[in-house]
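> Listed here are the chains, written in short residue letters.
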Amino acid sequence: MLGVFICQCGTNISATVDTGAVAAAAAGMRGVAHAESIQYTCSDPGQAAIGAAVREKRLDRIVIAACSPRMHEATFRRALERAGLNPYMMEMVNIREQCSWIHADTGEATMKAVDLVRKAVARIRAHVPLQGGKTAAVRRALVIGGGIAGIRAALDISAAGIPVTLVEKSPSIGGNMARLDKTFPTLDCSSCILTPLMVEIKQHDHIELMTNAEVDDVRGLVGDFQIDIRRRSTCVDEEKCTGCMICQEKCPAPAPDDFNAGLCQSKAISVAFPQAVPLVASLRKQYCRRFNGGKCRLCQKLCPAGAVDYGQEDEVVSRSFGAVVAATGYGHYDWTGSYPTFGKGLYPDVITSAQYERLLSASGPTGGLIRRPSDGAEPRQVAFVSCVGSRDESAGRPQCCSVGCMYTAKQAILTKEHIPDSQSYIFYIDMRAGGKNYEEFVRRAQTRYGAIFIRGRVGRIFPRRGKLVVMGTDTLAGDQVEIEADLVVLAAGLTAAPGAGELARKLNIACDETGFMAEEHPKLRPVEAAAAGVFLAGACQGPKDIPATVAQAGAAAAKVIGLLSRGELETSPMVSAVNPSRCAGCFKCRDVCPFGAIDKDRLADGLVTARVIESLCRGCGICNAACPPGAISLNGYTDKQLLAELVEVLR
Amino acid sequence: MPGKDVKIVGFLCNWCAYAGADMAGMARMEQPAGMRIIRVPCSGRVDPLLVLKAFQEGADGVLVSGCHPGDCHYGSGNYLARRRLELLGRMLPALGIEPERFHYTWVSASEGARWAEIVNTFTEAIKDVDEGS
Amino acid sequence: MSVYSYFPGCSLSSSATEYDKSFRLVAGAFDIGLDELEDWNCCGASPAPHHWGGDLGILLPARNLHIAGAGHDSMVAPCAGCFNRLKYAQHELSHNDELRRRTERALREPVRYQTEVLNLVQLLNREIDPGDLAGRTRGRLSGIALGTYYGCVLVRPPEIVLYDDPNDPVKMEPLLKAAGATIPHFPFKTECCGSYMGLARKEIVLKASRRIIEVALECGVDALVTVCPLCHQNLDLRQQQINDAFGTDYHLPVLYLTQALGLALGFSPEELGIDAHLSLGISHRTSSFDNTKKA
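Chains as they are written, first to last, in my numbering: chain A, 10 to 660; chain B, 1450 to 1582; chain C, 182 to 476.
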């Protein structure tokens, strides 16, 4: 006996689809004992109505026409379970995302909805009750990325007694936050908040820290991921190095200083920055004389700990994890290509906000004194340009960076604090100060620190008599303005971290059109990625500030703890099964199976047939499509079911 | 309204194309109403016989869509689908079915606009064939 | 020898005859055939068509396209304004069937509008091999820093003119570099010169053009190079007015691209009509160009 429920979803569906008419049509379909239209089927009264109908009419299978199954399939399966039915005896029909929201004509949309319901009714008649199994979950989590998001997630997960491996690509944890001077809206010193957490990571018994390391390969699935981690050779023995930096002092080979955003030079062998965790040196071979045909072995000769080992090779470490948190952060938009009118990087005194942070920071190349790069002079007039590579369709970057307004206001305040007789100008499109105490902070930049806010975009930056002229519009005054500045700071947009796409591919999760990793649902599953057991923390999912990053990292940690705390996971029953009486033993299924889930089975009469190893089967159904006699079929997506759907939608 | 009389069966993989079609809905991108989507776990699940069966049952067009090459949720399902469907497409004329009526393509979970565009152009292409014959 | 239909437009036959003169000399030097359009009319850029409204702004260039299409596959319009109007008409005629029908009613026959329209830089880049040019100019422009000034309508709107980067055009550079010149970074290469505001609001032109000259000098430019007669007028003809208005003392030569190349090829300033330029009249740098002639 079949029950059909047509959801109105408020007016989301009923505005375009005549849900009453669909229910009436459903009532006449074969096997249907009950059909009704409900205002909000997913709500408590909606689910109760399903339960009541199940009891009254002795229904044993249910069709729910509502939103996408990607949204509420799990919700309704639980509802069936509560109503005493097998949760897999439910079929959802997508009449919202794929019907009411994309059609304007009620007649057409209703006709389509009826077609889709008929298809589901036919399909569910072929359903059989399925039972998921249980599998043990590995009690260890992998956190990828050692910025504030990864640090927070690792600490929170390990606080529940679950061991964590934290993998960081660069030589030190700390990420982008370690590069910031102070943080809005409280002007807390960024290092003072962050460095104690970095140290805690290093000292934690349950956290294994791997720096200079990246995920090489990912196999398996939720509960039991087998992951290869490549630890890049740094030519320094981490156990022996004491971080004394003698090697860095004496090394004759210059190399870019990544930590200081390219404002100064470092050495081929160096400690990333003085507060680095772990505090060890690493050698970058591409800049080292010895690795470029030279004879220099200075660092090895001078190292008092004997830690330098030129023969050190990459090491690949394999581990099993029950869950993964991606916390790879963000990258900086390279503006030089898309903004030729800003000088293409030819003017040394046009810098990015990230570089300016380093000029403001006491641990930066100028010791916290603001000195412009061209001549080391202290600037008096500083112009800030917002939204460079953000909210700009012509640069192909329509998205908001979500932090630019705030950090620009912060940098204007800090400029005034560093140089009391300075004047800051901020070109902006809109001031976006939506967070707690943010608007007040921006006001303070204007009133107490005298920053001049100019609403409009900048068209050109060009030199005039040793200064840089920032030419733009003032859209409030309706005039063109020119600001003669000593230093220009561009609030360059935030991009996905370099390599994020590649990592997403390895983890089998999706990225959105801007390159950031995609959550399963913006509201219902904001920290879950497309693959079960993979969670997102911080700016890898989209630009966000530190409070939001920390909050999301905590949420991701809670999800990991929830997943791994019971020690076992439920497995999907949507796996393939072999009908041995039909199997010809050709093993085409084994050839195409991506997971090695097909084994040989010798029957009592000596015949050899295929057998599915259920714990390995992931339910793709590729074998089903490949089997010549139709002996292997995928539970929930059998040939019979798909054919029934086909015939009904074309009726 | 375009596509009124054209009925298309779409086999969409759950992970990419189906999610992309949802995305088009979330962005309220209007599309012809003839598309009937059947959700499958992977484009590799689509047996070519299912496509032929759809034509036999009177479909004006059949569309198969999965993850972009390299992005398959199961690693290699879309590559197998590509091999099978490419061959199928070449066989269709011998069965008296215009090749324009069959299309396989890749749509990611974030490509709502691309999905809407595919439904529109495929519907138009089939209408062109119908008018031409 | 390739032969192009040549549309001089009003400027090259009046206020910018030196542009026409130098273009013909350079074209001759490289065997580029120019066949002037018979009975050509206004390109449609003058204010009149816009003032009267209606289709005149399309009909005028359409007729020129139609005439050129009778005998040639490609036409060249050295004036950037003419180039822009012809491209615009071509774009509109190919995207608007109704407009095309109205145009055909006015012409009383099917309009030939698909003739390839080239601007001067495009034509010279196609016809002149930089290696050949380098060989024939023997570095006569070496040591001279030329500011490439493209103006606005040569590269904008990009979807219509389909030429070069609208914010950072570079197509003049290969030929000038081949002739030995250096091309310094010049951020104002597409900044507005004030355009036709010179008639109604002269102060706007003086302010805009002054800034271009100022930035050019800041960037170490010895002379500006342009392909637009209106830009030339604002930057050269009005340079003394700028000096008068702002108390400056600018003497920045402004050359047409063909004049710069002509000098490099060994033609005299007189042959190229450079003596007609006012900025050179007030310039102390003319001597450097005389030297190039002897080089």
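Heads up, some of the hints might be wrong.
[To be verified] Cut-off 25 Å, straight-line C-alpha distance, at most; resulting in silico cross-link-like pairs (SDA-like, lysine to any residue): (1) A/K294 x A/R228; (2) B/K1502 x A/Y356; (3) A/K425 x A/K353; (4) A/K353 x C/A389; (5) A/K143 x A/V227; (6) A/K476 x C/E399; (7) C/K388 x A/E491; (8) C/K352 x A/Y356.
Treat the hints as calculated values from the structure; they're not laboratory data.
Fair warning: this is a prediction, and the values are worked out from it, not measured in the lab.
> A separate judgement is required for each hint: does it hold in the structure or not?
Hint by hint, here is what the structure shows:
no. : hint             : verdict
1   : A/K294 x A/R228  : violated (31 Å)
2   : B/K1502 x A/Y356 : violated (66 Å)
3   : A/K425 x A/K353  : violated (28 Å)
4   : A/K353 x C/A389  : holds (23 Å)
5   : A/K143 x A/V227  : holds (22 Å)
6   : A/K476 x C/E399  : holds (11 Å)
7   : C/K388 x A/E491  : holds (13 Å)
8   : C/K352 x A/Y356  : holds (23 Å)
Consistency with the previously given hints fails for numbers 1, 2 and 3, ordered from lowest to highest.
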